[in-house]
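Student: Line by line, the protein sequences give chains A and B.
Quick note: the first sequence uses this note's numbering, first residue 1, plus one each step.
Quick note: the second sequence uses this note's numbering, first residue 77, plus one each step.
For the record, the hints were derived by calculation from the structure and aren't laboratory data.
None of the values given here were measured: they were computed from a predicted structure.
Pairs of lysine to aspartate or glutamate, DMTMM-like flavour, derived with a Cα cap of 25 Å:
1. A/71 / A/50
2. B/230 / B/132
3. A/71 / B/357
4. B/358 / B/119
5. B/118 / A/50
6. B/118 / B/103
7. B/118 / A/40
8. B/365 / B/426
9. B/78 / B/267
10. B/230 / B/102
11. B/365 / A/42
12. B/230 / B/97
13. B/358 / A/42
14. B/358 / A/53
15. B/118 / A/14
16. A/71 / B/320
17. B/358 / A/40
18. B/118 / A/53
19. B/358 / A/50
20. B/118 / A/42
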Amino acid sequence: MKSILDILSGIRPEFDFAASQDYLADGMLDSFDMLALVSDLDRTFSIRIEGSEILPENFRNLAAIQALLAKHGVTA
Amino acid sequence: MKLVFHGKRIEGLLTVLPANERLFVDEMDQFDFPRGRSLKLKEVMGYDRHRLVDGDVCVSDLAVAGFEHLFAQGLLDRDGFDALIVVTQTPDHLMPATSFVIQGRLGLKQDLFCLDINQGCAGFLIGLYEAFMLLEQPAIRRVALLNADVMSRKVSPRDRNSYPLIGDAAAITLIGQSDDNAPIHANLKMDGRRREALMIPAGGLREPSSEETRVAHTDAEGNLRARDDLVMDGSAVFNFVQTEVPPMIEALLASAGTHMAVVDTFLFHQPNRFMLQKLAEKLQIPCEKMPSNVVEHFGNSSGVTIPLALAFNLRERVCRETLTAVFGGFGVGLTWSSLLMPLGPLAFCEMIDYPQVN
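Pulled out of the complex, with its shape left as it was, chain B reads as follows:
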């Protein structure tokens, strides 16, 4: 479906990364694969290091640290936003929603629209759309969008297909009104028939976690995981992305009546370097316009990778000037979506570690 919004902008961005950094070469021996094959994988996919939470750190911990930083630095008032959208697949609890946990821990006002969305790698775009729609209400002047996941806690450390690429992170994006009323074009598709391509089979009510679902089994490729863990059909996901994303981007630009050359940056979800290279080749996007370095530095943190790609690669530029940006998200659901909008100048674009070391 095509979506059109007016008069909205991203005001500021903060990312929160666990300080704990693990190197792929130090983890290779936990997989049941020869070192040579793992090193080949490192070279092709861009695996190098990733950030993982320590122990029982939850999404709300990363969020509270991020918001407290914004309050302390004077970048956001505690009462300075009217909606809190949390996009995560790894909530603190089944209920209540993690947005309420964050509201309560931060002592935020009661006049706050708290909303959780279960979304993954397209979650930054889905969160933006929800924010844009909430901002149509006069009572909602600014929305804080939190994308956060601690997926490392739901991935088997002996699953070579998923563990090396996973990263934990959070991003707080402030969204508000803009005087620029030019249309913001977007598109979105979802396909629940392919829902099993990315899944945590057990742990919900359909298949409650049990002693049996916690037992790890070896799959056909030699990965060891339990039904409580994330399982990804790598071939299906790869083919989905390569088949659906290029026409989606072309359709977006056609809807907006524009073309590739006017776009300053293509900020896509960051699954791995190889997948992004193949997308760039197909769409004929110059590599300098399309960052693909998030996985090698931080890991794939689902809905956080787009804001993280922005903060890591463009934070000085986006605080100084306005860029024409295309966002592209694709993942669990399955979901695929893209958005074309002016980006910047932002009031702030920062990256901090959790816990912070002063």
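This is chain A alone, in the form it adopts within the complex:
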């Protein structure tokens, strides 16, 4: 199964997501990238992230995304 970093790199291959603590402030993810990310996370981990959970703070860095997935019972 693909890791979160693999998925992020698939969306924005030009960035090193392991090296950033704030994807939004560093300009690595925009609002549409977040939607693409949610679509990929839903499909990869067979979950349904709720629309109301699609907030910038849930996608700011790897830890935030891991915390969101944990709410859906996924350890990644």
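With the hints as your guide, set chain B onto chain A.
Tutor: What follows is chain B alone, placed relative to chain A:
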């Protein structure tokens, strides 16, 4: 607020779509984004093609073509309606109202209540409520509701956040009295504090259009637009819809004392496929009951998307039988509203192109 109406029905529906169809893959290079990212967006949001007016086509042009079609086909008499409600954000002029332009161009009677409403993606519902209220007057036996926008003329072609999803269209809905006096339940909320989430900043009197407001600037996400163009805070709008719409639908059904299973179709505004999928998941609505295919075929035409979703997906069925329908609109203002009513059988439900090719 809760609204209740009695004894009203939708009698017929016609949509008018510009014949000019543009493909997303042909437009990708006008955005300052790598093709791979744009293709990903296409896959997630459902962008594929959209209908746009050519040149200086205005709302009244689409409307006149639609009404002339109804007159020519014998679906409506020229004197067969007593009110004309026009819901648009892209009027022909600042004044007079576009309803008067249409009345004059069609040579309609003077005993006609002409009314323009500045509304967007909830505009079909707002128009229905106004029609229902006008029909309380004995002199008003039938209302023609025109939802129409040519928003492509106010969106920067280099704004990837908005241009790919925009579509131009019009819909004429005839509304009249019904013998069925069962209550029609609706609800409505508005929030002007969030008005800047969807806005055309310049071009009105607060910030008149000028050489300066026509100059395009690049935003933080790489979109190029001017202050004369539509600007949409995509994240704010997405969060607004996902937060406010599900409880609104649940409150509507609770007010009506009914539940999801009895509803045959959920006809929601069509912003993009992803947003609708997330709403359907939250509300546990089966996808076959909730069309989400308008943006990929025609683009998002603001207040026209609900009647367009109906005509495109259900036109044969709604001319044959009565469906229990929930309408849901949400957008500029901000405005969010929903309505539960019996729908059909309609006298007609048609789609035509503009200009028509015979």
